[in-house]
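Visitor: Required output: the full structure, derived from the provided sequences and hints.
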Amino acid sequence: MKLRVALKTARSATIETITEQIYEYDTPGTIYVNGESHGETKKTVFTLFDLKPDMDYNICLERDGKKAEVVFRTDYEFVTLNVREIGAKGDGIQDDTPFIQAAIMACPKDGRVLIPKGTYHITSLFLKSHIKIELAEGAELQADTDRNKFPRFPGVIESYDEKEDYNLGTWEGNPLPMFAGIITGIDVEDVVIYGRGLINGQADFDNWWHDVRQMKIAFRPRMVFLERCKNVSLQGFSLKDSPAWVLHPYFSQDLKFIDLTINNPANSHNTDGLDPESCKDVEILGVHFSLGDDCIAIKSGKIYMGRKYKTPSENIMIRQCLMENGHGAVTVGSEVGAGVKNIRVEYCLFRHTDRGLRIKTRRGRGKDSVLSEIYFDHIHMDHVMTPFVVNSFYFCDPDGKSDYVQSREALPVDERTPSIKGLYFTNIKAENCHVAASFFYGLPEQKIERIELKNVEVSFAEEANKGAPAMLSGIEECSKKGFLINNVETLILDQVSISGQVGEAFDVTNVDHYDVK
Numbered sequence: 001m002k003l004r005v006a007l008k009t010a011r012s013a014t015i016e017t018i019t020e021q022i023y024e025y026d027t028p029g030t031i032y033v034n035g036e037s038h039g040e041t042k043k044t045v046f047t048l049f050d051l052k053p054d055m056d057y058n059i060c061l062e063r064d065g066k067k068a069e070v071v072f073r074t075d076y077e078f079v080t081l082n083v084r085e086i087g088a089k090g091d092g093i094q095d096d097t098p099f100i101q102a103a104i105m106a107c108p109k110d111g112r113v114l115i116p117k118g119t120y121h122i123t124s125l126f127l128k129s130h131i132k133i134e135l136a137e138g139a140e141l142q143a144d145t146d147r148n149k150f151p152r153f154p155g156v157i158e159s160y161d162e163k164e165d166y167n168l169g170t171w172e173g174n175p176l177p178m179f180a181g182i183i184t185g186i187d188v189e190d191v192v193i194y195g196r197g198l199i200n201g202q203a204d205f206d207n208w209w210h211d212v213r214q215m216k217i218a219f220r221p222r223m224v225f226l227e228r229c230k231n232v233s234l235q236g237f238s239l240k241d242s243p244a245w246v247l248h249p250y251f252s253q254d255l256k257f258i259d260l261t262i263n264n265p266a267n268s269h270n271t272d273g274l275d276p277e278s279c280k281d282v283e284i285l286g287v288h289f290s291l292g293d294d295c296i297a298i299k300s301g302k303i304y305m306g307r308k309y310k311t312p313s314e315n316i317m318i319r320q321c322l323m324e325n326g327h328g329a330v331t332v333g334s335e336v337g338a339g340v341k342n343i344r345v346e347y348c349l350f351r352h353t354d355r356g357l358r359i360k361t362r363r364g365r366g367k368d369s370v371l372s373e374i375y376f377d378h379i380h381m382d383h384v385m386t387p388f389v390v391n392s393f394y395f396c397d398p399d400g401k402s403d404y405v406q407s408r409e410a411l412p413v414d415e416r417t418p419s420i421k422g423l424y425f426t427n428i429k430a431e432n433c434h435v436a437a438s439f440f441y442g443l444p445e446q447k448i449e450r451i452e453l454k455n456v457e458v459s460f461a462e463e464a465n466k467g468a469p470a471m472l473s474g475i476e477e478c479s480k481k482g483f484l485i486n487n488v489e490t491l492i493l494d495q496v497s498i499s500g501q502v503g504e505a506f507d508v509t510n511v512d513h514y515d516v517k
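When you line the sequence shown up against our numbering, it's residues 1 to 517, in that order.
Because the hints were derived from the structure by calculation, they are not lab data. Every residue, glycine too, gets a C-beta built ideally from N, C-alpha and C. There could be a bad hint or two in this list.
What the hints assert, rightly or not - Computed cross-link-like contacts, EDC-like style, restricted to lysine to aspartate or glutamate with a CA-CA straight-line distance of at most 16 angstroms: (1) 454 x 494; (2) 52 x 110; (3) 429 x 20; (4) 480 x 507; (5) 128 x 187; (6) 67 x 40; (7) 43 x 24.
Stated by the list, open to error - Label pairs and their in silico Cβ distance ranges: (8) 71 x 465: 47 to 57 angstroms; (9) 492 x 53: 50 to 60 angstroms; (10) 55 x 154: 43 to 53 angstroms; (11) 210 x 108: 34 to 44 angstroms; (12) 32 x 154: 45 to 55 angstroms; (13) 214 x 27: 43 to 53 angstroms; (14) 413 x 53: 55 to 65 angstroms; (15) 109 x 413: 50 to 60 angstroms; (16) 27 x 69: 13 to 23 angstroms.
Guide: Below, the structure is given as structure tokens:
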């Protein structure tokens, strides 16, 4: 057992336990801060608050007779601006937006904006570079639900010389009008939002979740929207009841999402937890997702955005997270016009999600839509309907059920044809599954290049529910199916076991090279 400092500020530090245990231990361990007991934790990733700036700390974790230590120095802090001193009341009645915004804009480099205990009624807050914002314990940012009070971003703004354009608004991979996020960062860097408080979007089926497919003035706001940002970190706090996607970084890089809790109702629409879109170098660590759509959905825009900006999502590390109740635990797509590469998901726990890995793509995503180097290692799934899904016939968009998208015949490979390269799954246990062990379905004209499964164990629930393993035309509901694999160039199965299925364990079709060990 070893300890690593995952993220620190002047007032907080997140510690990761380097272990093969996934997300949490059966028994708690005791935390010592500079030799004094600081409570207990069962989590492999935990955050300490109320630290002092520019001070040395020794953190010791004692569990089951074993000890591990890490030392660090907290960051320098210049001043603190308390939003109450600037006019915010935190009474849940006054609109505190202008007062909190004033504190953000007035905060100097290396300063802290403190939002103390209270309920702060807000609309959109805009970030500034080189600051820290602390959402203290008992502090709640409570968002308004009147869409007429939110700023609106146009999708495409043409440049003065009509040679370029400025993309500001976005919705599901296209440049479209959108409301500004409840927390919005545009071209900012070196920002940390941290604390033990709550951001409450207050969405429900009477406001933002009513007629969700209709654009009303603009498309629904995200809880946190980061566009063209660098070195932004979110640490410790909770988010719930988002109008749409909860965390949406867009054309951004060097991001950390650490020890957060994200909650949306299981029946809420388009409330994805975290959707990095055309982002690079992203760490997602110790996050608890429980929501109504994909927990994490990695994207890079539809074909227009992919062709124009050619910015894939790449170098994304997901570790020690708990995903519950969503459609997909970790999803790639469906808007992947510029491709996705080097995704690593390690030591994560998936519970009661429809799918574990969920790749959604289709003809028309384009030749730049290359999905490669996707790794899953040390994953435990419980009551996941279908653990592995790769669907090359995803029926999204107005033409999603057209003959071109849904034809199972080999069509000509052209500039509209996407591709999937290497997918690697190791040390995975999926128990109490329901629908199928896997659904790997590549395009007949552009097969999945390589799938490797090593040390993978799948078993089914005794009373398994029926369902469709993936969203494509012509697939009937089923239960307890084995590994369904179609249109793959190279398939390697090494120590792969399955129990409780009805019918064949491995239903393999149109695979060029098939190696079982």
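Visitor: Please name the hints from earlier in the document that this structure breaks, with their numbers sorted from lowest to highest.
Guide: The structure breaks none of the hints.
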